[in-house]
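Build out the structure end to end from the sequences listed, making use of the hints.
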Amino acid sequence: GAVVSQHPSWVICKSGTSVKIECRSLDFQATTMFWYRQFPKQSLMLMATSNEGSKATYEQGVEKDKFLINHASLTLSTLTVTSAHPEDSSFYICSLVGVNTEAFFGQGTRLTVV
Amino acid sequence: DAKTTQPPSMDCAEGRAANLPCNHSTISGNEYVYWYRQIHSQGPQYIIHGLKNNETNEMASLIITEDRKSSTLILPHATLRDTAVYYCIVKGYNFNKFYFGSGTKLNVKP
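Chains as they are written, first to last, in the numbering used here: chain A, 50 to 163; chain B, 16 to 125.
Quick caveat, the hints were computed from the structure, so don't treat them as lab data. Among the hints, a few may not be true.
As the list claims (entries may be wrong) - In silico lysine to aspartate or glutamate, DMTMM-like type, Cα no more than 20 Å apart, as pairs:
#: 1; chain 1: B; residue 1: 18; chain 2: B; residue 2: 81
#: 2; chain 1: A; residue 1: 115; chain 2: A; residue 2: 151
#: 3; chain 1: B; residue 1: 67; chain 2: A; residue 2: 108
#: 4; chain 1: B; residue 1: 18; chain 2: A; residue 2: 101
#: 5; chain 1: A; residue 1: 90; chain 2: B; residue 2: 26
#: 6; chain 1: A; residue 1: 90; chain 2: A; residue 2: 137
#: 7; chain 1: A; residue 1: 63; chain 2: A; residue 2: 137
#: 8; chain 1: B; residue 1: 112; chain 2: A; residue 2: 136
#: 9; chain 1: A; residue 1: 69; chain 2: A; residue 2: 114
#: 10; chain 1: A; residue 1: 113; chain 2: A; residue 2: 101
#: 11; chain 1: A; residue 1: 69; chain 2: A; residue 2: 101
#: 12; chain 1: B; residue 1: 18; chain 2: A; residue 2: 108
#: 13; chain 1: B; residue 1: 124; chain 2: B; residue 2: 29
#: 14; chain 1: B; residue 1: 67; chain 2: A; residue 2: 137
#: 15; chain 1: B; residue 1: 120; chain 2: B; residue 2: 29
#: 16; chain 1: B; residue 1: 124; chain 2: B; residue 2: 46
#: 17; chain 1: B; residue 1: 112; chain 2: A; residue 2: 151
#: 18; chain 1: A; residue 1: 90; chain 2: B; residue 2: 97
#: 19; chain 1: B; residue 1: 112; chain 2: A; residue 2: 108
#: 20; chain 1: B; residue 1: 84; chain 2: B; residue 2: 70
#: 21; chain 1: A; residue 1: 113; chain 2: A; residue 2: 151
#: 22; chain 1: B; residue 1: 112; chain 2: B; residue 2: 26
#: 23; chain 1: A; residue 1: 90; chain 2: A; residue 2: 101
Here it is as C-alpha cells:
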C-alpha cells in the first residue's frame, strides 16, 4: 500500500500564530489528498479535499480561510492553520486513495495551541 | 455522512475470535464496505474491504450478509495489539471520500 508521511508529528504553538503541516506521499503520485481533524474521544471528521494544481474543496462548516490547503505537487499537500486558537488544538490526519480504492493515512499531527 | 451503525464498545479475550458487527441497511448496489482501525494516537489502518462476497486477508475476514445490509469483521485470534477503534465505512467505488462514523472500541483482555 501507499506510504503517507506527515510532518511534524506534534507541534505546540502560541495563540494567534500559524502552523503548517505537511503530508507527503512517498511512493504514490496523488492528484487528490484528504485532510481530517479528530478531537479527543471523537471520530475523524473530513475537513477538505486537496487537489493537485487547483483549489481545495472544503466540507460544509469548515472555514477555508482558516485552514489553507496547498497541493503544489503530486507528492505533497500542506495544511496551514492560520491564526490558531486553543479550540484548533486537535489531531490532524491526511490521507490519499490508492489504486484499489482503499485509503492510506498518515500518522497524524498533534497540534496544541497555548 | 456515515451510513453505518456499530456498537460503541466490545470486549474480547486474548486468543479468541473477535467478531465486530456493522449495520449498513441503506447501502447501495455499487457501494463497498471498508474496515479500518485506529490505534490510539495513530492514523487509521486499512484492514479489508468487500462488495458482496466474503473476503479474507492476512489480517481479518469480512462476512457480508446476502442482502448486504450488515457485515461482520472477524479477527480470528485477537491479541492485545488488536485493541483499537474499528470503523466500518460504506463508500462507492469511484467516490474517494471516506466518512467515518463513531466506530467500535475493541478491548482485548488477557
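Comparing the hints with the structure gives:
no. : hint            : in the structure
1   : 18(B) x 81(B)   : holds, 18 Å
2   : 115(A) x 151(A) : violated, 29 Å
3   : 67(B) x 108(A)  : violated, 30 Å
4   : 18(B) x 101(A)  : violated, 29 Å
5   : 90(A) x 26(B)   : holds, 18 Å
6   : 90(A) x 137(A)  : holds, 15 Å
7   : 63(A) x 137(A)  : holds, 11 Å
8   : 112(B) x 136(A) : violated, 25 Å
9   : 69(A) x 114(A)  : holds, 14 Å
10  : 113(A) x 101(A) : holds, 16 Å
11  : 69(A) x 101(A)  : holds, 17 Å
12  : 18(B) x 108(A)  : holds, 17 Å
13  : 124(B) x 29(B)  : holds, 6 Å
14  : 67(B) x 137(A)  : violated, 40 Å
15  : 120(B) x 29(B)  : holds, 15 Å
16  : 124(B) x 46(B)  : violated, 34 Å
17  : 112(B) x 151(A) : holds, 10 Å
18  : 90(A) x 97(B)   : holds, 18 Å
19  : 112(B) x 108(A) : holds, 11 Å
20  : 84(B) x 70(B)   : holds, 16 Å
21  : 113(A) x 151(A) : violated, 26 Å
22  : 112(B) x 26(B)  : violated, 30 Å
23  : 90(A) x 101(A)  : violated, 32 Å
Hint compliance for this structure: hints 2, 3, 4, 8, 14, 16, 21, 22, 23 are broken, all remaining hints hold.
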